[in-house]
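Trainee: What follows is the residue order along each chain.
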Amino acid sequence: MSFKKRLTSNGFYALIGATILFLLFTQSILGTVGFLLIFGIPLFCMNPLPAYATTGDKIGKYAYLAICTIIFIFLILPILIIIPLSFNAEPYFTFTDGMLSLDPDAYSFRWYADIVRFGMTSPDGGPNWWSDMWNNATWIRATRNSFFIAICATLLATFLGTLAALGLSRPEMPFRAQITSLLISPMIVPLVITATGMFFFFAQKDIFPFFPESLVNTYTGIVLAHAILGVPFVIITVTATLSGFDRSLIRASQGMGANGWTTFYKVIMPLILPGMISGALFAFITSLDEVVAVIFLADVDQRTIPRQMFSGLREQISPTILAVATILVLISIGLLTALELLRRRSERLRGLSPG
Amino acid sequence: MSDTALPNTNIAQPDRPLVTADGIPLKQKLARTTRTMKLRALLLTLPLVFFVFVAFVIPIGQMLHRAVHNPTVSEVAPNFAEAIQDWDADSGELPSEQIFEIFVQDLVTARQNREVGKTVGNLATRINYEIPGSRSLFTSTARKAGRIEQGPYKEALLEIDEDWGDIHLWRTLQRASNNYTLAFMLAAVDMQYDKDGDIVQANELYRIYIPILLKTIGLSALITFLCFLIAYPVSYLLSTLPLRTSNLLMILVLLPFWTSLLVRTSAWIAMLQTEGIINDIMVFLGVIGDDGRIQMIYNQTGTVISMVHILLPFMILPLYSVMKTIPPSYMRAARSMGATQTYAFFRVYFPQTTPGIAAGTLLVFILAIGYYITPALVGGSDGIFISNLIADHIKKTLNWSLGSALAAILLVVVMTLYWLYNRLVGVDKLKFG
Numbered sequence: 001m002s003f004k005k006r007l008t009s010n011g012f013y014a015l016i017g018a019t020i021l022f023l024l025f026t027q028s029i030l031g032t033v034g035f036l037l038i039f040g041i042p043l044f045c046m047n048p049l050p051a052y053a054t055t056g057d058k059i060g061k062y063a064y065l066a067i068c069t070i071i072f073i074f075l076i077l078p079i080l081i082i083i084p085l086s087f088n089a090e091p092y093f094t095f096t097d098g099m100l101s102l103d104p105d106a107y108s109f110r111w112y113a114d115i116v117r118f119g120m121t122s123p124d125g126g127p128n129w130w131s132d133m134w135n136n137a138t139w140i141r142a143t144r145n146s147f148f149i150a151i152c153a154t155l156l157a158t159f160l161g162t163l164a165a166l167g168l169s170r171p172e173m174p175f176r177a178q179i180t181s182l183l184i185s186p187m188i189v190p191l192v193i194t195a196t197g198m199f200f201f202f203a204q205k206d207i208f209p210f211f212p213e214s215l216v217n218t219y220t221g222i223v224l225a226h227a228i229l230g231v232p233f234v235i236i237t238v239t240a241t242l243s244g245f246d247r248s249l250i251r252a253s254q255g256m257g258a259n260g261w262t263t264f265y266k267v268i269m270p271l272i273l274p275g276m277i278s279g280a281l282f283a284f285i286t287s288l289d290e291v292v293a294v295i296f297l298a299d300v301d302q303r304t305i306p307r308q309m310f311s312g313l314r315e316q317i318s319p320t321i322l323a324v325a326t327i328l329v330l331i332s333i334g335l336l337t338a339l340e341l342l343r344r345r346s347e348r349l350r351g352l353s354p355g
Numbered sequence: 001m002s003d004t005a006l007p008n009t010n011i012a013q014p015d016r017p018l019v020t021a022d023g024i025p026l027k028q029k030l031a032r033t034t035r036t037m038k039l040r041a042l043l044l045t046l047p048l049v050f051f052v053f054v055a056f057v058i059p060i061g062q063m064l065h066r067a068v069h070n071p072t073v074s075e076v077a078p079n080f081a082e083a084i085q086d087w088d089a090d091s092g093e094l095p096s097e098q099i100f101e102i103f104v105q106d107l108v109t110a111r112q113n114r115e116v117g118k119t120v121g122n123l124a125t126r127i128n129y130e131i132p133g134s135r136s137l138f139t140s141t142a143r144k145a146g147r148i149e150q151g152p153y154k155e156a157l158l159e160i161d162e163d164w165g166d167i168h169l170w171r172t173l174q175r176a177s178n179n180y181t182l183a184f185m186l187a188a189v190d191m192q193y194d195k196d197g198d199i200v201q202a203n204e205l206y207r208i209y210i211p212i213l214l215k216t217i218g219l220s221a222l223i224t225f226l227c228f229l230i231a232y233p234v235s236y237l238l239s240t241l242p243l244r245t246s247n248l249l250m251i252l253v254l255l256p257f258w259t260s261l262l263v264r265t266s267a268w269i270a271m272l273q274t275e276g277i278i279n280d281i282m283v284f285l286g287v288i289g290d291d292g293r294i295q296m297i298y299n300q301t302g303t304v305i306s307m308v309h310i311l312l313p314f315m316i317l318p319l320y321s322v323m324k325t326i327p328p329s330y331m332r333a334a335r336s337m338g339a340t341q342t343y344a345f346f347r348v349y350f351p352q353t354t355p356g357i358a359a360g361t362l363l364v365f366i367l368a369i370g371y372y373i374t375p376a377l378v379g380g381s382d383g384i385f386i387s388n389l390i391a392d393h394i395k396k397t398l399n400w401s402l403g404s405a406l407a408a409i410l411l412v413v414v415m416t417l418y419w420l421y422n423r424l425v426g427v428d429k430l431k432f433g
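Chains as they are written, first to last, in my numbering: chain H, 1 to 355; chain E, 1 to 433.
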């Protein structure tokens, strides 16, 4: 049904009428918006049912679409709701009356400023404001730690994971099932168990001949832990890409005289690159989001963003956390977009229909 | 291969095996090539397997070892730990004077020892796990033991505290002198040694771990079931809509999946708290009064609601990928043969989605049972999971052996489920997005 036709259907008129009634009855804009969402979307999405559909079928279909709408709202609302909440002028986790009546004074950027200022020795300006912020502001430090750890862990996980995935997807690979389940298991084993094991193991001195000190409370320890946790995601995405890989391309390349490295760089690599990058993105977001291993293995010096949020939620809940959360949601949207573009590119390269 | 143009060395002849150009029998050559290729594939995975082994498998193995290995007594009082082995606990008599003498000497030495893990305090804590309340007995006796100049040591100790005449205490000391002990594994399943050294169930008041484990399993099952109920209609919708629309709606599923766990948990705190959005809406709509706000967070309800939201994508994605492969014509065929919508759904559509259901429920259940962060933040005291107890023992009470024993039990449960997942679904079916 065309868009124009939908706008002139009886159902649409009924919806408008019901919405106006609802608005008159409750006199609340917010409530009406909710009403419109829950009842309007399914009506709008409903395609004309086949001629044999009974009235029961129609009601059933409408109820089904209404349920789906509610579920989608359940999925997305908690994430979207924190965005306006983070602009709260008051130190509360909820909407104030001023915010509901869209009073500009009820909104402010103070919690975003707080991200930068919290922990600084002289937040109101001083001779070395920038270096003070860079070195002392709690959230800035956490951000630096998070990104440093995530980048190192991603590089390690992606490199080792891609190599292993290349081996695992060869048809002649022995013990494939056993090795795959071993390499996926860091995703399955509860994080508390992994973190506890690593905490005891890394706390010993002289475990690695080249590294005499204990690895607890060091960046190295956390990077190793996060790399382990990112590995399953790299394996899964890269093997998925390789499963659609036409192995005769390798033989074709070899038949035309290319050696192993040339074949890898000119034929295999470009085709699996989208898979590799999305695996790396998964490993990156896993590390960026990981907090249990950090709780066990890190000191105050290595605190990451989620670790800081964790203690913030436990100790002093302030909307600064919501401001940080909003920024993290924006980062997720960016990564998700990148992943979607990669997926389309990969499908195009493999000759599948564009999504 | 019967072409005469080929060099005749390569042609099979009854009396000679098939050989390659360099004269090696083909069978041998093929075996060798296959072996090289297998080795090459294996070599590619080797660095990662090594890494996972060193930084993941060995640490967990070591932790499991810690659950049954606790050398505190033999480290604090090495001579005593050796001497007490000769004592027959079932004789009904206290250990000999000689053992008492060694014990006092070891206590005096240990009191001077400041090395971490080898102090009287460590010994006292270790025995206190098995005999609650015995801690002060050890510390105060150690303080006074230095004043005992000469024997008989047995009487001297009994004079300091008559509890030293308790056979149960010495039996426990003897058992703890052995580096390998079942005490912590037993404690983790709410069992203990009684006065006669037999294994019995703990006093009903002290049974906490099995109930928490059962509660963890129960809540995980509830979360899995709710995820299934919610995910099924949505996955069906996504799989039947045209690709363009379903991709758009898929973003609504994937965005939560890609959003930080902490972000989602703090969002739920904002939604569910007593001054939060849901309560505000209900007060506004007049469902509840302003003084009747519902406590939805820092209890089981909060844990269940936020975990369902967090784990939902892990249910939707496998269901969706299975449903996408089911042709819609099956349902139309069933309808055209006279089945009602409901009948056609349960007899034709639903059975075909079981692989997706198995994959989704197992994955969600496995992930739920080991959850730590969300229960710790929104669970309060009553919505916590077994993981939270493990973390408490490792980080707060520092009873590492008991923490490891609890972890061992959780690991066994999870590994059993993982094995099941491997059998039913196959680990290679795991996909995201």
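Since the hints were made in silico from the structure, they are not lab data.
Glycine included, every Cβ here is placed at the ideal spot set by N, Cα and C.
A hint or two may mislead.
As the list claims (entries may be wrong) - Footprint (simulated), chain H over chain E, 3 or more residues, beta carbon under 8 Å:
1. 100-106
2. 144-151
3. 261-267
4. 397-411
What the hints assert, rightly or not - As a list, the in silico SDA-like pairs of lysine to any residue whose alpha-carbon atoms are at most 25 Å apart:
5. E:429 <-> H:205
6. E:29 <-> E:18
7. H:205 <-> E:47
8. H:205 <-> E:29
As the list claims (entries may be wrong) - Incomplete in silico selection of chain E near chain H, CB under 7 Å:
9. 41
10. 55
11. 230
12. 248
13. 252
14. 387
15. 390
16. 391
17. 424
18. 425
Trainee: Next, verify each hint and record whether it holds.
Mentor: Now the hints, each set against the structure:
1. 100-106: violated (count 0)
2. 144-151: violated (count 0)
3. 261-267: With 7 residues close enough to chain H, the hint holds.
4. 397-411: Held - the stretch 397-411 of chain E has 6 residues with a Cβ nearer than 8 Å to chain H, which meets the minimum of three.
5. E:429 <-> H:205: violated (40 Å)
6. E:29 <-> E:18: holds (10 Å)
7. H:205 <-> E:47: The given pair, whose Cα atoms are some 23 Å apart, holds under the 25 Å limit.
8. H:205 <-> E:29: Roughly 49 Å separates the two Cα atoms, so the pair is violated.
9. 41: holds (4 Å)
10. 55: holds (5 Å)
11. 230: holds (5 Å)
12. 248: Constraint on residue 248 (chain E) not satisfied, violated at 11 Å.
13. 252: holds (5 Å)
14. 387: It holds, given that the least Cβ distance between residue 387 (chain E) and chain H is near 4 Å, below 7 Å.
15. 390: Status holds, d = 5 Å.
16. 391: holds (5 Å)
17. 424: Residue 424 (chain E) check fails; min Cβ-Cβ to chain H is 13 Å, beyond 7 Å.
18. 425: Check failed: Cβ of residue 425 (chain E) comes no nearer than 12 Å to chain H, outside 7 Å.
In the structure shown, a violation is registered for the earlier hints numbered 1, 2, 5, 8, 12, 17 and 18, in ascending order.
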